[in-house]
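Trainee: Sequence:
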Amino acid sequence: MLDSTLQGTYDQVLRRNAGEPEFHQAVREVFESLELIQDRHPEYQEHGILMRMCEPERQIIFRVPWVDDQGVTQVNRGFRVEYNSALGPYKGGLRFHPSVNLGIVKFLGFEQIFKNSLTGLPIGGGKGGSDFDPHGRSDGEVMRFCQSFMTELHRHMGEYTDVPAGDIGVGAREIGFLFGQYKRLTNRYEAGVLTGKGLDWGGSLVRKEATGYGAAIFADEMLKARGSGFDGKRVVVSGSGNVALYAIEKAQQLGGVPISASDSSGYVVDENGIDLQLLQQIKEVERGRIHEYADRRGNGARFVQGGSVWDVPAAIALPSATQNELSEADARTLVKNGVEAVSEGANMPCTPEAVTVFREAGTAFGPGKAANAGGVATSALEMQQNASRDAWSFEHTEERLTQIMKNIHATCLETAEELGRPGDYVVGANVAGFRKVADAMIAFGVI
152 MLDSTLQGTY DQVLRRNAGE PEFHQAVREV FESLELIQDR HPEYQEHGIL
202 MRMCEPERQI IFRVPWVDDQ GVTQVNRGFR VEYNSALGPY KGGLRFHPSV
252 NLGIVKFLGF EQIFKNSLTG LPIGGGKGGS DFDPHGRSDG EVMRFCQSFM
302 TELHRHMGEY TDVPAGDIGV GAREIGFLFG QYKRLTNRYE AGVLTGKGLD
352 WGGSLVRKEA TGYGAAIFAD EMLKARGSGF DGKRVVVSGS GNVALYAIEK
402 AQQLGGVPIS ASDSSGYVVD ENGIDLQLLQ QIKEVERGRI HEYADRRGNG
452 ARFVQGGSVW DVPAAIALPS ATQNELSEAD ARTLVKNGVE AVSEGANMPC
502 TPEAVTVFRE AGTAFGPGKA ANAGGVATSA LEMQQNASRD AWSFEHTEER
552 LTQIMKNIHA TCLETAEELG RPGDYVVGAN VAGFRKVADA MIAFGVI
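Quick note: the sequence shown, position 212, residue 363 per the numbering used here, numbers continuous.
No wet-lab data here; the hints were simulated from the structure. This one's a predicted model, so the numbers in the text were calculated from it and none came from an experiment. Misleading hints may appear alongside valid ones.
BS3-like, lysine-lysine: derived pairs with alpha carbons at most 27 Å apart [stated by the list, open to error]:
1. Lys-487 to Lys-384
2. Lys-384 to Lys-557
3. Lys-557 to Lys-375
4. Lys-587 to Lys-557
So the derived label-pair ranges between C-beta atoms look like this [stated by the list, open to error]:
5. Pro-249 to Glu-197: 42 to 50 Å
6. Gly-449 to Arg-306: 47 to 55 Å
7. Lys-557 to Ser-416: 31 to 39 Å
8. Lys-487 to Leu-336: 51 to 59 Å
9. Ala-561 to Gln-196: 25 to 33 Å
10. Gly-170 to Glu-197: 28 to 36 Å
11. Gly-457 to Pro-273: 39 to 47 Å
12. Glu-511 to Asp-351: 43 to 51 Å
13. Arg-288 to Gly-349: 17 to 25 Å
14. Gln-221 to Gly-596: 52 to 60 Å
15. Ser-379 to Glu-550: 22 to 30 Å
16. Val-597 to Gly-287: 42 to 50 Å
17. Glu-422 to Gln-535: 36 to 44 Å
Glycine included, every Cβ here is placed at the ideal spot set by N, Cα and C.
Please build the complete structure, drawing on both the sequences and the hints.
Mentor: Here is the structure:
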């Protein structure tokens, strides 16, 4: 049980947000860390910060009608949860996937508040998306859906109000259609209103690499804090989207040997190390399935249908697919196989039980709100470039990203030490992210 104050607020969150288990999970995880600072900060209770932070400033749900290639009208549901703007305009991605519902969007938005706070950049937290599935749809269908989606959402957006980006199912193609419709509706070339844009029209170098790079950099910092590193170590990675691909790339650059990738059909293991160029060709260019990697790679690579990629022994794990993909049993297997560090590339990919296993085992564990903050950090850098009508080099942008990730790691480590929980990155990330937002909310009064 939580202490009485936190438990009372949590019970109220459960009553107000019934049937949203992912959101409940995200709130509970933060509250467990906040128990450590309850007595130090009575002002948070006095100003009702806990309940105010759990209640989004605005929740937008809307109909998205569009016509498919057969001339049939389809109807999807769109969401945007503008969660907290204490530190800056709402910032967070759009997810297009059949699993999207209000609870998922709220969980992602709630996490985003603290993630964005940890970057040290002036951005608030928000998230959005739709239950539309772009997989298997033609470019024309995706365009018509995106135009309908933006026709409703645009009235809630602006570079000083709400700045969406991409997420699962929303890549460069979708961002292009969304931005084009925003430009058409507003008659403004407001480049800073969306991030993840194409390089020729306001995008930033390193943006597509940023989340995966950041997760690997955070893992490296955790290892360095223990006098270790990536050199020659096996790395198990889940997923095969942008996050996974560039986590693999950065792990290779840091001297590690990534040996796996996965999708919904199963996973591949390549004992000689993943051939990143081949994997990118299959997943980014051809939009193929993961088994094709093993079919074409040969050379000892194998495909395992279904199963768990976490059965593969490795020293470093980078879960980079989706929420709650790594279970308690998976965590026990990884610990048994000698995992040293786990860095979450996806949002909340480890279940609470799995996180407990890692923390009790003494495994270096980087929670997503810290470890995968590289994506939103580079989105904020894209906003900076847009505001100054400038474009930075790859090297300069990557240097900024690397420093941000190192700063996040140091902040988490120092905060955990201050609270008597040395090496506990969960506590460090939750408390450091929360305090900054809470203090800003108090400064603004009850709004």
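Trainee: Next, verify each hint and record whether it holds.
Mentor: Here's how the hints hold up against the structure:
no.: 1; hint: Lys-487 to Lys-384; verdict: 16 Å, holds
no.: 2; hint: Lys-384 to Lys-557; verdict: 21 Å, holds
no.: 3; hint: Lys-557 to Lys-375; verdict: 11 Å, holds
no.: 4; hint: Lys-587 to Lys-557; verdict: 18 Å, holds
no.: 5; hint: Pro-249 to Glu-197: 42 to 50 Å; verdict: 43 Å, holds
no.: 6; hint: Gly-449 to Arg-306: 47 to 55 Å; verdict: 53 Å, holds
no.: 7; hint: Lys-557 to Ser-416: 31 to 39 Å; verdict: 37 Å, holds
no.: 8; hint: Lys-487 to Leu-336: 51 to 59 Å; verdict: 55 Å, holds
no.: 9; hint: Ala-561 to Gln-196: 25 to 33 Å; verdict: 29 Å, holds
no.: 10; hint: Gly-170 to Glu-197: 28 to 36 Å; verdict: 32 Å, holds
no.: 11; hint: Gly-457 to Pro-273: 39 to 47 Å; verdict: 44 Å, holds
no.: 12; hint: Glu-511 to Asp-351: 43 to 51 Å; verdict: 50 Å, holds
no.: 13; hint: Arg-288 to Gly-349: 17 to 25 Å; verdict: 20 Å, holds
no.: 14; hint: Gln-221 to Gly-596: 52 to 60 Å; verdict: 54 Å, holds
no.: 15; hint: Ser-379 to Glu-550: 22 to 30 Å; verdict: 24 Å, holds
no.: 16; hint: Val-597 to Gly-287: 42 to 50 Å; verdict: 48 Å, holds
no.: 17; hint: Glu-422 to Gln-535: 36 to 44 Å; verdict: 42 Å, holds
In this structure, none of the earlier numbered hints is contradicted; all agree with it.
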